[in-house]
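Chains as they are written, first to last, in our numbering: chain A, 1 to 184; chain B, 1 to 300.
Quick caveat, the hints were computed from the structure, so don't treat them as lab data. Please note: incorrect hints may appear among the correct ones.
[Stated by the list, open to error] Quick list of in silico lysine-lysine cross-link-like pairs, DSSO-like style, CA-CA up to 30 Å:
hint, chain 1, residue 1, chain 2, residue 2
1, B, Lys101, B, Lys69
2, A, Lys150, B, Lys12
3, B, Lys12, A, Lys24
4, A, Lys24, B, Lys14
5, B, Lys101, A, Lys44
Here the structure is a predicted model, which is why all the values come from computation and not from measurement.
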Amino acid sequence: MDISAIILIVVALFVVYAILQYNKLVRLNIRVDEAFAQIEVQLKRRADLIPNLVETVKGYASHEREALEKVVQARAASTTASTLPAVAAADGMLTNALRGLLAVAEAYPDLKASANFLQLQEELATTENKVSFSRQFYNDNVRNLNTAVKTIPTSFFVGLAKVGEREFYEVEDPTIRNAPNVKF
Amino acid sequence: MTDFRAMQSANKRKTFALLFFMGVLVWFIAYIAIAAFGGTGAGVIPLAVLITLVSVWGSYFASDKLVLKMTRAQLITEADNPNLFNVIHEVVIASGLPMPKVAVVNDPAPNAFATGRDPNHALIAFTTGLLDSMDRDELQGVVAHEMSHVANRDTLVSSVAATTAGVIALISDILMRMLWFGGSRNRDHHGQQMPIFLAIIPLILAPIAATLLKAAVSRRRESLADATAVSFTRNPAGLRSALEVLARDTTVVQARSNAVAHMYIESPLDASAASKLFATHPPIQERIAALRAMEANPQQ
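Make a model of the complete structure from these sequences and hints.
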């Protein structure tokens with residue numbers, strides 16, 4: 001085998017290798033996009049539950065105006081947010097407002113016993129878990145991407161793949177991040 | 001080494017080492033077969049491999065359907081149990097896996113299992129006893145454990161282990177029968193380097209060693225599934241509390257058999273039926289202790 005054949009093989013192997021690394025980075029980046037879309041789906045689901053919850057609580061505890069107002073305002077803010085930090089901030093606000101409302105509901109035995117409220121409670125519990133798991137899944141994917149962007153050998157191909165580090169989804173209240181299982 | 005990431009990688013390393021030993025054992029028994037039996041021994045090996053491949057990998061590809069029949073599990077839809085589906089959806093989101101098929105086994109003993117050849121053909125099943133005795137967090141822990149088996153491809157891993165152990169058992173079995181019934185024919189055989197009586201001990205011991213290794217692989221995968229479950233829910237307390245419920249329970253799954261024992265979250269066989277070395281599951285108290293260690297070391 002002459003020298004030019006060897007060079008050709010080495011170049012071909014390098015091209016295959018570069019393609020694999022490039023694809024890995026692009027794939028990781030797409031996964032982050034998908035994971036963020038999942039967060040938005042779950043936030044939308046939660047926002048859709050709120051009018052029903054507010055009506056149910058009003059029926060039994062109409063004078064708890066403050067807690068109800070907070071939820072309605074936080075929901076309105078969350079439906080208009082679009083950038084990642086804005087979405088995360090609105091998400092944190094709504095999570096806290098919902099907690100406040102459900103804490104208030106504790107004082108009304110009739111409300112707590114109503115079939116509608118019990119069903120809403122399960123819906124809220126599962127939605128809250130889904131929101132927090134989709135945040136966690138997003139952050140795991142961001143961590144994988146950021147690790148690949150910063151470590152050798154993938155870091156050599158960052159420019160080629162036109163991907164970079166992405167932002168983590170941080171919610172204001174640290175207890176929300178650490179406790180995916182919100183109890184109501 | 002108490003957080004779930006360290007536990008996941010340790011369990012993966014140990015699985016790899018165990019499967020490697022099983023490979024060495026296959027190589028060893030093949031060597032014995034050829035050394036002691038010459039051409040006949042060499043002929044037995046492909047036969048054993050073929051028979052095991054057909055039987056194990058047939059059941060691997062049809063695992064979701066076969067297991068439904070063997071355990072008398074009934075497929076259910078979201079309308080049958082919306083709360084269970086809510087919990088499964090949560091774990092699906094946490095794991096990024098596709099939605100599995102869900103089944104229920106009508107049995108008062110609390111237990112659960114997962115099967116299916118890949119995440120797209122996954123099936124997870126729960127006994128009615130389990131659904132009745134678990135609260136939301138505990139159920140989430142159990143679902144996460146089962147989805148971890150799906151994520152870690154444990155049907156594949158246990159099929160590989162079963163194939164290896166099966167090949168070793170079949171080679172040993174055929175050669176032992178030949179020793180018993182066809183000894184005279186072998187005595188005429190020339191050119192063999194090893195007297196046949198020296199082959200007897202490895203032929204007896206190799207299948208036992210393979211069974212032990214297979215059980216060890218299964219126990220590693222259970223520990224790995226516990227650690228992976230925590231990586232999904234970040235809530236070791238839920239699964240720990242679920243295992244405590246299972247540990248307290250003394251009823252035994254009715255439609256039980258050795259063939260499906262390794263799939264359940266808790267071994268469905270009586271504790272007395274198998275010693276610790278042959279057990280498909282680590283002792284439940286050990287698993288509870290490992291989860292408690294993860295609770296003490298929360299990691300985001």
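Against the structure, the hints come out as follows:
{"no.": "1", "hint": "Lys101/B x Lys69/B", "result": "holds (15 Å)"}
{"no.": "2", "hint": "Lys150/A x Lys12/B", "result": "holds (25 Å)"}
{"no.": "3", "hint": "Lys12/B x Lys24/A", "result": "holds (22 Å)"}
{"no.": "4", "hint": "Lys24/A x Lys14/B", "result": "holds (27 Å)"}
{"no.": "5", "hint": "Lys101/B x Lys44/A", "result": "holds (26 Å)"}
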